[in-house]
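A.B. asks: One-letter residues, chain by chain:
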Amino acid sequence: MRDFSEIAWWRETRQFALAIGVALIVIALLPALLSSHFGDHLVLGMRFGTLVGTVVAPLAALVAALAFTVRQRVIDRRHDVADE
Amino acid sequence: MARRPPARSYGKLALLFAIAFAILAGVLGLLDYFGLPADILGSAVCGAGLVALAAIGVYAATMQSSEFYLAARAVPAAGSGAASAASVISGTLFIGLAGTYFAGADGAVAATVGWCFGFVVLAVGLAPYFRKSGAFGVVDFLGVRYGGRPVRIAATLVVATALFPATAAAFALGAVITSNLLGVSAAAALVMIGVVVLVTTALGGVRAITRTAIAEYIVMASAIVVPATIVAFHEYGSPLPQLTFGLALHDAGLLALASGRDIATFTGSGAWSWLGGGAFNAMATVAVLATGVAALPQLLMRSATVRGPEGARRSASWGLLFILVVIGVAPAYAAFAHYLIARDIADLPLERLPDWIFTFGHLGLVKICGIAATSVNALLGACSSTAGFTGNLAANELAVSGDAVVLAAPGIFGLPDVVTALVALGALAAALAAGKAMAFAIASAFGHDLYSGMTDVPPSSGRQLILTRLTLVAVIVLAAWFGGRHPGDAIALAPGAVAMAAGGLFPALILGVWWKRATAMGALGAIVAGGSVTAALVLHRHYPGFLPFGDLRLSEVTAGIAGLPVGFAAAVALSLASEPPNAERMGIVDAIRRPGGTPFVQESESL
Numbered sequence: 001m002r003d004f005s006e007i008a009w010w011r012e013t014r015q016f017a018l019a020i021g022v023a024l025i026v027i028a029l030l031p032a033l034l035s036s037h038f039g040d041h042l043v044l045g046m047r048f049g050t051l052v053g054t055v056v057a058p059l060a061a062l063v064a065a066l067a068f069t070v071r072q073r074v075i076d077r078r079h080d081v082a083d084e
Numbered sequence: 085m086a087r088r089p090p091a092r093s094y095g096k097l098a099l100l101f102a103i104a105f106a107i108l109a110g111v112l113g114l115l116d117y118f119g120l121p122a123d124i125l126g127s128a129v130c131g132a133g134l135v136a137l138a139a140i141g142v143y144a145a146t147m148q149s150s151e152f153y154l155a156a157r158a159v160p161a162a163g164s165g166a167a168s169a170a171s172v173i174s175g176t177l178f179i180g181l182a183g184t185y186f187a188g189a190d191g192a193v194a195a196t197v198g199w200c201f202g203f204v205v206l207a208v209g210l211a212p213y214f215r216k217s218g219a220f221g222v223v224d225f226l227g228v229r230y231g232g233r234p235v236r237i238a239a240t241l242v243v244a245t246a247l248f249p250a251t252a253a254a255f256a257l258g259a260v261i262t263s264n265l266l267g268v269s270a271a272a273a274l275v276m277i278g279v280v281v282l283v284t285t286a287l288g289g290v291r292a293i294t295r296t297a298i299a300e301y302i303v304m305a306s307a308i309v310v311p312a313t314i315v316a317f318h319e320y321g322s323p324l325p326q327l328t329f330g331l332a333l334h335d336a337g338l339l340a341l342a343s344g345r346d347i348a349t350f351t352g353s354g355a356w357s358w359l360g361g362g363a364f365n366a367m368a369t370v371a372v373l374a375t376g377v378a379a380l381p382q383l384l385m386r387s388a389t390v391r392g393p394e395g396a397r398r399s400a401s402w403g404l405l406f407i408l409v410v411i412g413v414a415p416a417y418a419a420f421a422h423y424l425i426a427r428d429i430a431d432l433p434l435e436r437l438p439d440w441i442f443t444f445g446h447l448g449l450v451k452i453c454g455i456a457a458t459s460v461n462a463l464l465g466a467c468s469s470t471a472g473f474t475g476n477l478a479a480n481e482l483a484v485s486g487d488a489v490v491l492a493a494p495g496i497f498g499l500p501d502v503v504t505a506l507v508a509l510g511a512l513a514a515a516l517a518a519g520k521a522m523a524f525a526i527a528s529a530f531g532h533d534l535y536s537g538m539t540d541v542p543p544s545s546g547r548q549l550i551l552t553r554l555t556l557v558a559v560i561v562l563a564a565w566f567g568g569r570h571p572g573d574a575i576a577l578a579p580g581a582v583a584m585a586a587g588g589l590f591p592a593l594i595l596g597v598w599w600k601r602a603t604a605m606g607a608l609g610a611i612v613a614g615g616s617v618t619a620a621l622v623l624h625r626h627y628p629g630f631l632p633f634g635d636l637r638l639s640e641v642t643a644g645i646a647g648l649p650v651g652f653a654a655a656v657a658l659s660l661a662s663e664p665p666n667a668e669r670m671g672i673v674d675a676i677r678r679p680g681g682t683p684f685v686q687e688s689e690s691l
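Just so you know, the sequences run in chain order A and B.
First residue of the first sequence: 1, per the working numbering; consecutive thereafter.
First residue of the second sequence: 85, per the working numbering; consecutive thereafter.
Hints in this document: simulated from the structure, not taken from any laboratory.
It should be emphasised that the depicted structure is a prediction, and the values quoted were computed from it without experimental measurement.
Using N, Cα and C, we set each Cβ at its ideal position, and we do this for glycine too.
A hint or two may mislead.
[Unchecked claim] If you want the ones that stay clear, here's a sample from chain A, every Cβ over 10 Å from chain B, calculated:
1. F4
2. E6
3. A8
4. T69
5. R78
[Stated by the list, open to error] Restraint-style ranges between C-beta atoms, simulated for each label pair:
6. R71/A - I124/B: 50 to 56 Å
7. W599/B - V22/A: 34 to 40 Å
8. P664/B - V26/A: 17 to 23 Å
9. R601/B - V22/A: 21 to 27 Å
10. I25/A - N476/B: 39 to 45 Å
11. E12/A - A139/B: 26 to 32 Å
12. V135/B - S5/A: 53 to 59 Å
13. E12/A - L114/B: 54 to 60 Å
[Claimed, not checked] With the C-beta cut set under 8 Å, the calculated list includes, among others, these residues of chain B facing chain A:
14. F201
15. Q326
16. G330
17. F364
18. R397
19. G412
20. R601
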């Protein structure tokens with residue numbers, strides 16, 4: 001990296017990407033965990049795990065991708081490395 | 085370099101196509117209402133769709149290499165996202181996911197989650213850096229990052245091995261649909277599909293692929309969302325099938341409880357036979373799809389067509405949104421089909437069974453009393469020998485394959501024939517979009533990425549264009565031949581594309597961005613070891629006995645769960661065992677990571 005600002009930018013970028021990765025793993029485990037804990041408990045006619053897997057987890061992934069896109073832009077600009 | 089066309093031209097094209105498609109659907113709907121036969125409707129829908137795609141392909145023809153390989157890097161993020169979604173949905177996902185939900189939700193839930201996560205991994209871990217590198221394709225990126233010809237050669241082989249069966253499967257599926265809609269022979273349908281794919285790829289390259297893929301996305305999204313929305317609104321008063329399908333499952337359960345038995349047997353999708361149950365399979369499916377989808381060459385290639393790293397991130401996010409629109413309604417199809425079959429078909433006299441049963445019975449996808457439902461007389465003969473036969477459809481005598489659910493849905497839902505034709509067109513569009521993108525990814529890997537890295541003096545862009553086009557012709561001819569000759573093998577091996585991308589490409593790609601110490605030796609080891617292990621396991625699954633082991637309980641997709649750690653282990657071990665990258669190579673990694681500044685691979689001059 002060329003200077004201190006870029007090193008700080010990359011550290012922040014890396015931490016943020018890692019946080020997204022951890023969030024994905026948690027979301028991936030949720031349907032299985034919820035299914036085992038809530039069994040056949042129905043919400044909107046669906047088993048809890050099915051609801052999480054078909055509706056909640058995909059939406060959470062979408063929110064994660066959008067949040068990353070917006071937040072990363074802020075980080076890039078703050079450290080003056082944005083692609084303008 | 086050619087002047088970049090305004091990004092809004094893609095928006096205009098999408099709007100114009102959507103309006104034209106809506107008008108076509110409306111006119112055909114009216115003709116259907118006034119009694120136009122279903123076979124003519126099907127021919128009109130299929131013919132119009134193929135001609136429209138070919139016309140867009142011809143209109144987008146170009147001789148400029150920056151347009152041919154990169155669409156002048158002027159595709160707006162939303163357009164690139166729609167094209168990305170279209171290129172990975174594929175016919176098997178369009179048809180098969182709902183069918184898999186139809187037979188049981190657990191495996192299908194894992195596939196849905198894995199597919200979505202793949203786009204997040206793409207947005208976060210690969211796409212912006214891929215775009216910043218300026219690379220044209222996956223092979224080019226690996227060549228730029230690591231240097232050396234062996235990496236390019238190995239990556240090209242993995243790309244071809246991964247994508248070829250899936251390309252052939254797309255051709256095979258497209259031919260089956262075209263043959264049924266147009267009433268032509270399977271061979272003629274295959275030739276027509278090949279010609280349309282050739283016209284929409286070889287003349288305009290990525291520019292034509294992007295434009296046709298946007299149009300195809302509009303068709304497939306409308307075709308799958310509209311019928312489910314109508315049923316959700318009609319049955320439950322809500323236009324959101326994603327939130328009402330649970331109520332349909334509940335109602336289907338009540339009907340089964342009231343009658344004391346299920347009305348039908350539901351079998352899974354043949355194309356999705358790789359999905360297994362159990363926690364390990366679910367986790368492996370999510371992990372392989374999340375990494376494999378992110379590393380799919382036809383998807384990463386799309387990141388090269390947007391304006392910059394920020395655009396690549398937004399393109400992946402748009403892609404996720406667009407793919408969610410399509411796969412989000414898959415469970416609704418399954419649930420509504422369950423409920424409406426139980427409510428409307430139960431105890432019907434065999435003479436009054438709806439047409440869709442016989443249409444899909446001829447394809448072997450609907451069985452009654454143990455035989456394919458081809459005619460009332462055949463059913464009467466088969467059912468009369470069963471105990472207690474009353475002339476009506478008896479409990480548990482109806483067996484519906486998951487492969488029929490989406491295409492038969494308009495019939496099951498009681499919608500007009502024109503909707504059936506439009507849903508079939510949606511499946512055809514999905515198959516064509518995926519087939520084109522994969523065929524081009526293979527051809528570009530050979531004709532541009534490998535060729536340009538194999539000579540000390542960069543070849544002219546004209547030679548690259550010619551070689552890419554010739555490779556494209558060869559890939560299309562071979563894929564059409566394989567898909568026509570061995571459709572079962574092609575469809576069964578197609579899911580292996582994601583596993584190969586995960587095992588053979590993902591470790592080298594992700595470490596190339598996130599680990600500066602990764603070397604060319606490490607990348608080569610990752611590609612060769614991860615790709616070989618995955619390919620061997622995929623083949624072992626399809627051809628038992630290929631390896632000297634018994635059944636390893638790994639499917640064509642979960643085979644990637646073995647290739648992934650092998651690839652990472654080889655990359656780390658060989659990188660640490662070899663000389664660290666020199667300052668120049670470290671500088672390349674820094675430049676790839678940094679959003680601003682100059683990319684490493686510049687666009688070639690125009691021919």
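A.B. asks: All hints, please: hold or fail.
C.D. replies: Evaluated hints:
{"no.": "1", "hint": "F4", "in the structure": "holds, 14 Å"}
{"no.": "2", "hint": "E6", "in the structure": "violated, 7 Å"}
{"no.": "3", "hint": "A8", "in the structure": "holds, 13 Å"}
{"no.": "4", "hint": "T69", "in the structure": "violated, 5 Å"}
{"no.": "5", "hint": "R78", "in the structure": "holds, 12 Å"}
{"no.": "6", "hint": "R71/A - I124/B: 50 to 56 Å", "in the structure": "holds, 54 Å"}
{"no.": "7", "hint": "W599/B - V22/A: 34 to 40 Å", "in the structure": "violated, 18 Å"}
{"no.": "8", "hint": "P664/B - V26/A: 17 to 23 Å", "in the structure": "violated, 35 Å"}
{"no.": "9", "hint": "R601/B - V22/A: 21 to 27 Å", "in the structure": "holds, 23 Å"}
{"no.": "10", "hint": "I25/A - N476/B: 39 to 45 Å", "in the structure": "violated, 52 Å"}
{"no.": "11", "hint": "E12/A - A139/B: 26 to 32 Å", "in the structure": "violated, 48 Å"}
{"no.": "12", "hint": "V135/B - S5/A: 53 to 59 Å", "in the structure": "holds, 55 Å"}
{"no.": "13", "hint": "E12/A - L114/B: 54 to 60 Å", "in the structure": "holds, 58 Å"}
{"no.": "14", "hint": "F201", "in the structure": "holds, 5 Å"}
{"no.": "15", "hint": "Q326", "in the structure": "holds, 6 Å"}
{"no.": "16", "hint": "G330", "in the structure": "holds, 3 Å"}
{"no.": "17", "hint": "F364", "in the structure": "violated, 11 Å"}
{"no.": "18", "hint": "R397", "in the structure": "holds, 5 Å"}
{"no.": "19", "hint": "G412", "in the structure": "holds, 7 Å"}
{"no.": "20", "hint": "R601", "in the structure": "violated, 15 Å"}
Taken one by one, the earlier hints fail for this structure at numbers 2, 4, 7, 8, 10, 11, 17 and 20, listed in ascending order.
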